[in-house]
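K.L.:
Starting from the structure of chain S, add chains Y, D and F where the hints point.
Protein chains: 4
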Amino acid sequence: MFSEQIELHGHIIDSLILPKVLDEILSHGGEFRILEIRIGQQRTDPSYARVEVSGPSPVVVDDLVRRLRLHGAEVMREVEVQLALAPADGVFPDNFYVTTNQQTFVRIEDQWIEARPAIMDSGIAVDSKSRTATALKFDEVRKGMQMVVGHHGIRVVPHQRAISKPGVFEFMASSVSSEKPKSAVIREIAAEFRQAKRAGGKILVVGGPAIVHTGAGEHLEKLMEWGFVDLLFAGNALAAHDIEHALFGTSLGVDLLEGALAHEGHENHMRAINAIRGAGGIAAAVAKGILRRGVMYRCVRQKIEFLLAGSIRDDGPLPEVIPDALSAQRLMRSKIGGVTLALMMGTMLHSIAAGNMLPASVKTICVDINPSVVTKLADRGTFQAIGLVTDLEPFLRELTDFLAGPVKEVEAHATAAALPA
Amino acid sequence: MFSEQIELHGHIIDSLILPKVLDEILSHGGEFRILEIRIGQQRTDPSYARVEVSGPSPVVVDDLVRRLRLHGAEVMREVEVQLALAPADGVFPDNFYVTTNQQTFVRIEDQWIEARPAIMDSGIAVDSKSRTATALKFDEVRKGMQMVVGHHGIRVVPHQRAISKPGVFEFMASSVSSEKPKSAVIREIAAEFRQAKRAGGKILVVGGPAIVHTGAGEHLEKLMEWGFVDLLFAGNALAAHDIEHALFGTSLGVDLLEGALAHEGHENHMRAINAIRGAGGIAAAVAKGILRRGVMYRCVRQKIEFLLAGSIRDDGPLPEVIPDALSAQRLMRSKIGGVTLALMMGTMLHSIAAGNMLPASVKTICVDINPSVVTKLADRGTFQAIGLVTDLEPFLRELTDFLAGPVKEVEAHATAAALPA
Amino acid sequence: MFSEQIELHGHIIDSLILPKVLDEILSHGGEFRILEIRIGQQRTDPSYARVEVSGPSPVVVDDLVRRLRLHGAEVMREVEVQLALAPADGVFPDNFYVTTNQQTFVRIEDQWIEARPAIMDSGIAVDSKSRTATALKFDEVRKGMQMVVGHHGIRVVPHQRAISKPGVFEFMASSVSSEKPKSAVIREIAAEFRQAKRAGGKILVVGGPAIVHTGAGEHLEKLMEWGFVDLLFAGNALAAHDIEHALFGTSLGVDLLEGALAHEGHENHMRAINAIRGAGGIAAAVAKGILRRGVMYRCVRQKIEFLLAGSIRDDGPLPEVIPDALSAQRLMRSKIGGVTLALMMGTMLHSIAAGNMLPASVKTICVDINPSVVTKLADRGTFQAIGLVTDLEPFLRELTDFLAGPVKEVEAHATAAALPA
Amino acid sequence: MFSEQIELHGHIIDSLILPKVLDEILSHGGEFRILEIRIGQQRTDPSYARVEVSGPSPVVVDDLVRRLRLHGAEVMREVEVQLALAPADGVFPDNFYVTTNQQTFVRIEDQWIEARPAIMDSGIAVDSKSRTATALKFDEVRKGMQMVVGHHGIRVVPHQRAISKPGVFEFMASSVSSEKPKSAVIREIAAEFRQAKRAGGKILVVGGPAIVHTGAGEHLEKLMEWGFVDLLFAGNALAAHDIEHALFGTSLGVDLLEGALAHEGHENHMRAINAIRGAGGIAAAVAKGILRRGVMYRCVRQKIEFLLAGSIRDDGPLPEVIPDALSAQRLMRSKIGGVTLALMMGTMLHSIAAGNMLPASVKTICVDINPSVVTKLADRGTFQAIGLVTDLEPFLRELTDFLAGPVKEVEAHATAAALPA
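Heads up: the sequence lines are chains S, Y, D and F, in that order.
The first sequence lines up with residues 685 to 1105 when you count with my numbering.
The second sequence lines up with residues 685 to 1105 when you count with my numbering.
The third sequence lines up with residues 685 to 1105 when you count with my numbering.
The fourth sequence lines up with residues 685 to 1105 when you count with my numbering.
Looking at chain S on its own, in the form it has when it is part of the complex (with noise of 0.2 Å):
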């Protein structure tokens, strides 16, 4: 049998982590020994324990311990990080590290240095003489750059349970259900917007069309108004829908007043881009005061930042999407700092690729009335995730009524779930 010692700290029990590394052991072949524990007798002291794992093999034992990382174990024995030489540009070392989205730090010369951003699915360069360690993408990487390899020397941050009484997202987390009661929900929801405004970060909107063929659209630019959108992640068809319905009252022809009455069509959808590109793009035709109203006029107005990334399924497109995938997603990375509320609603495409690129810590709302879309969502590795399977427009309208609503109830309920009972 061949063995590693490792050791856990912080709220190891009631976090959940110690059981869960318990069984990553047993689950993948190895065995365990707890060599010491010692648990903290109040609810706010915390624990530590150490643990000898061994396995059949070096090979088990380094998957295990690789895995045990994950959880934010630590090798007795603290060694330096492995590096190794990129081979070419846009190609990782052979074994490189695979970043996840928590915090993460990597040891070097006897200092953990945090590397940034946390990001997930990116390898981790290091730069020995600023003592920096920074998340790559394929594309960032350059030939001869210094990649962090193996296991050894790195240390992730799992996130912990809050010790006050939790939040909406420790308890909804992936609770998706279409049956249960959502105005408690959204009332917390509306919480979680005043609060990270009043801690100035900023709030990401991804929204997909369904927020204007559902007559949502008005209810975002309320949002809008209100300073609760600071940046609006979309593609072409949001964008394309939502000025189909400034200009033509429709959306994909069906007119929104009269709903399914109406007739269904491609043309003014097809003119709705046209006029668009006629006038030069969005900004422009804003400005020539050809876009009067909707929420694609109320982003150039409110100078709130938007990023339309392209896609095979575009008409069009309009003047401003990107249509390049890998400019658009370095465009999207490049103004993700300073997120911790992401409301995602009505698009797949777009919320995973945002998703991708959002650290563990940042709180995220995915709305849907299809379910496989939220569970999808809801289980990408999201520490703090919200799905709810409902229609978007009710849910953007009562999620209004609250903001509009008196403040102070709505902070008073906020403050109460922030508070141990």
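A portion of the hints provided could be inaccurate.
Copies of the same chain look alike in the list, so a pair counts if it fits in one copy or across any two.
[To be verified] Computed cross-link-like contacts, EDC-like style, restricted to lysine to aspartate or glutamate with a CA-CA straight-line distance of at most 16 Å: (1) Lys821 <-> Glu951; (2) Lys821 <-> Asp999; (3) Lys1019 <-> Glu989; (4) Lys881 <-> Glu909.
I should point out that these hints are in silico values taken from the structure, not numbers from a laboratory.
P.N.:
For chains Y, D and F alone, coordinates are given in the frame of chain S:
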């Protein structure tokens, strides 16, 4: 080749009846020759067609005639309906005629007699003396009754296209989508509710426990208060959840004000049922002041007829629940007369059961967040069905908002919709 | 502050029981202090913890103790169970103890007596003379019975994690996804079928009409032929569709060989029911040579017990159907003893009804193409449930292929899965 | 009242065209008078109708004429198509004619010229010298091109009902159900595959990563080996998952043999992408012996054209992926000529993108386990589309089983289906 001649009358072209008939003939191994056709010059003029149907065997032609009858085709030479004796209680004779939910006539002694009620999947018993024809379910058949067999001497009146500008039921039919704006449709539904009451029709609500889970109970109570519910079909679950909510504020242990934040559990559910059993029933619990609010309370107080049908998944059940399916079906059939509008929400079992009993002329609205439920209900041969894929709570909230609004506007809209442009 | 001391025994750390207990305390307004903890050094050693639970009022502490019992916590000073008399037939006393589907003991005269059967949502009647405790449904209660009330003197044995390498039921639990490869899981299910038979357990199949619609009936027949079905729970619909298929080759008028190409219709459905009613029942129809193939034929021929429970949406029904829900429930409960494996396919109504009766120890497999059905079934407090989102026909085809394959390979695999690596 | 006369030719009654035209007129505020009608006496004879369309304003009549053109109606006095200059690169003139995916002719100097290709949501550029009409996308427009505007001088040839017994595509159209037996339909699809190859058509497969997740990759490889795939449209995800599986045996970390029992993780996914980037691409990796199996390997080895379009949710991407959406669209359009059969599996993004490019005459099969995806794809104006709600793995397994079976039987069936009974 064997052949028969059929006749078609009415708005057979703009009701799509002629093309469907020709389609049926070709699709089932037959050939046709149009012998005579007279098409109305104006949209109010009826049309007429005489068609020769031929096929390789008498069986094929007979089968074709049977199918064409469903579209209102009449065989040229009018023969008497064929009758045979029911061989035993609860058993139809071989080859018995299976009814649809459309208006149906049988030819007895050179007269067309209407079979009543217009209910699907029944046999027709003929009383020659009184010249009546009655649609009977299996358990209503008695040995020796004269039952209709074969397909001669029977005329089905298909639902024809309204000549004036069609309403929401004709346009929406089978249009099930979660992505459409619903406000316009819900406004139309509100107009239908008002119109049904003005015309003296009865309104049936069929509901599942999700009405309570989603927090929509209070809206349903308003509908009841305002006289928009004449009859409620439900199961033990709706009543038990409603009463749990009335007594404890929870639904299956979920606090409806605190939402998903509360603890789940069956205890309150069981205690609520026990309390009503102890009181001797729902009505008794209202009389004794034990039950003081909720949907069931409102039914008792306002003398709205309700029928709770049992199922094998019931806890309890509550004393008013009818555990025997055949008794429940008989009672449901006896109460359904006069219903002109049916609203089905959040229950497939009870909705299909009610749908099986309603004549094709009843306007039906199916609401569920699961699109497959809506599709299934909207497909069951109902000619005037709307399916809405949405959350029950915001649906009922918006419906009651429209009904609470100024009558004039809604009515004006309804009138506009009913008039040709 | 008010407090009580609780004890936890067993694999409380790697079964996640201790963390869940601490979580419950914090989440419901309590505080904890760990007074003593002994953790097994090896994975086979049991652990022990003594925890002081405190809260702002006796009500809060009482509520906490009730919740913690569900996790197997015992209150330190062992008191007798509290009893009260049932006030009337069919009515429990106030504050009666509501059972779970886990093994439960009550303390009577300083002894722990097991309450049987382990069935959820029941009360417990105690017979002090015979020292027995019986879980009873509402309709089994008689006035004057001694019933357990409150939460003292009750011990629930939670399902503990298997110490050896866990099998498919522990890993898959609540893992509902339509995107995973299913072959490996179906191979494991085949191994469970063999193992259940070898161990002498009974296998229950709960099925809906989609088994016949999707053309999977022949595979279910094979399972029956090979002795893998001991008990079939279904409704009128499965039997009627199966018999329609046996007599006419169609299911609701759809020709199962020609598939969606054939005409839809209810006629054959009604005639099939009529034929069986005329014969005097399914068994009689088999005896008379009228019914010669299909699932129900196979049940009769191989003397497999079947129970058809009625519902309000039934046509007919067939003579063997039990229309009274309470009688059907009683019969289901009487037959369910000895079942160790349950396969539920294509019916939410019957699956929930059966699930409500099964003890937590029964391994349950839910298969449906609708993910919301699978989620709902897998969530109902079953500790060993697998949910598969897939088509019934290919699922049963592959399952029978594995069962028809060489026994050795399948068994070898099952053994491998059951042994530590 | 204002009016125009329109003519309808062909199988206007049994193709439902006449009734639809009358329906459109009434539904959009118009009136009609049938001036002349000649109906074929036999099913092979074409029919003819001349109809006067009138309305309260020229705008209404104009709108009606535009709608009726979609059904093949021609305005009596044939006028020239109207043209206007494109005002700028990438911008259509105001009121440009928006194409459908049906065969379309424009009237130039008293001649009907076909606009090519038949692609939806484009404008039509006319070159009077060469007498050609070309459907162009936004980015293909150059300043000063002559573009078709308005609705005069345009003739759309609607897809007409086959006169012989219709095949699976006509019957199944828009019939999306998870409850139907699929074997018969899959057998018909196999026959369509053989027929497409015999007729020299190209077969397009559009696929998502679920093909690999569900373990269906090996079946797709067989289709490729047997020559049933001429063109593959996919994204980075399908290729990356396939290559991960080829190199490591996993898909997103899930072991496809051990199924859901294995650990999830992104590491293998990232390493697979890195390995191919290091090798210089998929083709290079095959040449170097790094990639030795799987769908992409098979494409390279058998010289099957594949096109991987990028998206913002991509990891990597693989070197062959085209990250620019406009370039990818142009390439897709350039390769799509000659395709007569398209099989779309497990991807909404790529399927809609491909569907937007295909003429109405291409037979399309959409397979997904999510009914809403299938409904959305089957609704997109495709006249010959089959939607199947089922698992990809059993679907492809059964399809390859049929294609591997005796040719004669399958062909005999296909022939039978194509002949009148």
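K.L.:
Hint by hint, note whether the structure agrees.
P.N.:
We went through each hint and held it up to the structure:
In this assembly of identical chains, the alpha carbons of Lys821 and Glu951 lie at most 16 Å apart only when taken from different copies (14 Å versus 40 Å within one copy). In the homo-oligomer, the alpha carbons of Lys821 and Asp999 lie at most 16 Å apart only across protomers (8 Å), although the nearest pairing inside one protomer, at 29 Å, exceeds that limit. In this homomeric assembly, Lys1019 and Glu989 come within 16 Å of each other (Cα to Cα) only inside a single copy, at 9 Å, whereas the closest approach across copies is 37 Å. In this assembly of identical chains, Lys881 and Glu909 lie within 16 Å of each other by CA distance solely inside one copy; the values are 14 Å within and 42 Å between copies.
Figure legend: structure checked against the earlier numbered hints; every hint is met.
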